[in-house]
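Asks: Please put together the full structure from these sequences, using the hints given.
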Amino acid sequence: MSRRSGRTRSRRAGSKGSRCRTTSRSGRDCSPLRARSPHTTEPLRLRARSRPCSAKFRRRFMRERHAARTLNPGTKLAAVVVGLVAILAATNALALIPGVVLMFVTIVYVRPIAASIMKPAAKIFPFVVLFTLFQVLFAGPGGHVVFTLGPVGITDSGIISGALFGARVVITVLYISTIASITRPEELSLAVEVAVKPLRRLRLPVDGFALALTVALQFLPTLTAEAHRITRAQAARGAAYARKGGFAARIRMALPMVVPLFLFTLTHAERVAEALEARAYRFGAERTRLVEHLPGLADHVTRFFIVLAAVAAIVLSYVA
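In my numbering, the protein residues as written are 1 to 320.
No lab work stands behind these hints, which were simulated from the structure alone.
Take every hint as true, because none was put in to throw you off.
The calculated lysine-lysine pairs, modelled on DSBU-like cross-linking and capped at a C-alpha distance of 35 angstroms, are:
(1) K76 x K197
(2) K76 x K119
(3) K123 x K76
Quick list of simulated restraints, FRET-style, between CB atoms:
(4) L137 x A233: 45 to 51 angstroms
(5) R201 x T222: 30 to 36 angstroms
(6) Q218 x G296: 22 to 28 angstroms
(7) L130 x L266: 36 to 42 angstroms
(8) L202 x G238: 54 to 60 angstroms
(9) L137 x N92: 19 to 25 angstroms
(10) L130 x G153: 18 to 24 angstroms
(11) P205 x I160: 41 to 47 angstroms
(12) A236 x L276: 32 to 38 angstroms
(13) G296 x V145: 53 to 59 angstroms
Note that the structure is a prediction, hence the values are computed from the model and not measured.
Think of the CB as a built atom: it goes at the ideal place given N, C-alpha and C, for glycine as much as any other residue.
Replies: Next comes the structure, spelled out in structure tokens:
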């Protein structure tokens, strides 16, 4: 039998085997492997599964990369500081509008990952509601009594102050969570180092502070991974970790992890110190970086609008 006839037979077998392919509800073929005859000499080839949302995933990837790498770290730090001023300086509903606009623009800017930001932030909403109720109930004297809850009178000023307090907290959490999701720890440490650099003239230990912040930010993921590793190792040896239960039960279950984590922290700190000594690190020397973060047009435009929002919030707080 010739090679050509073998290929023809394999193609026929493949066409017969295609009846057994897995199909989705829409009738589209979803089998990851191409059907072939067991006697064929052709190599097994993986067929790319057709994705109806491939364009959506492509836009999401480009948006994430754009949001995470375009802006300068100093711009992100300035956005956090000035944005907090714009949000917390609002003393009435009209002055809160610039902060709301700033929050929505930031979320739209990173909309492919907005869902992953909302889920962790939603966990604090019960506490926000609780503190808002306290603000409404115990806002102090003043205003007209709208209704009473037993001996406590609910005033219109208490309702307004409680609503403003809850709105400021929600906007602040969403705004900071959004910027933190597109900022890497090394970018944050670089921005802080550049921001406190003028304090060198006052002979303050700026370099030591920047180094401590950098090491701390980079150590948190390592410590978390080590805690998970210790948990899995002790669970494999028969330790019972109660994921459900009261606060005291979780504290008791976490006590066996204290000593291993403490030893790991000391070992890691010693390794970092040895690495710094091996690289002849010293305070006061100018550092060179592989990637220089230079501000561009997007950074200047972002800073302008953030400062404009802060100024508008302050002006509206005093005018309205």
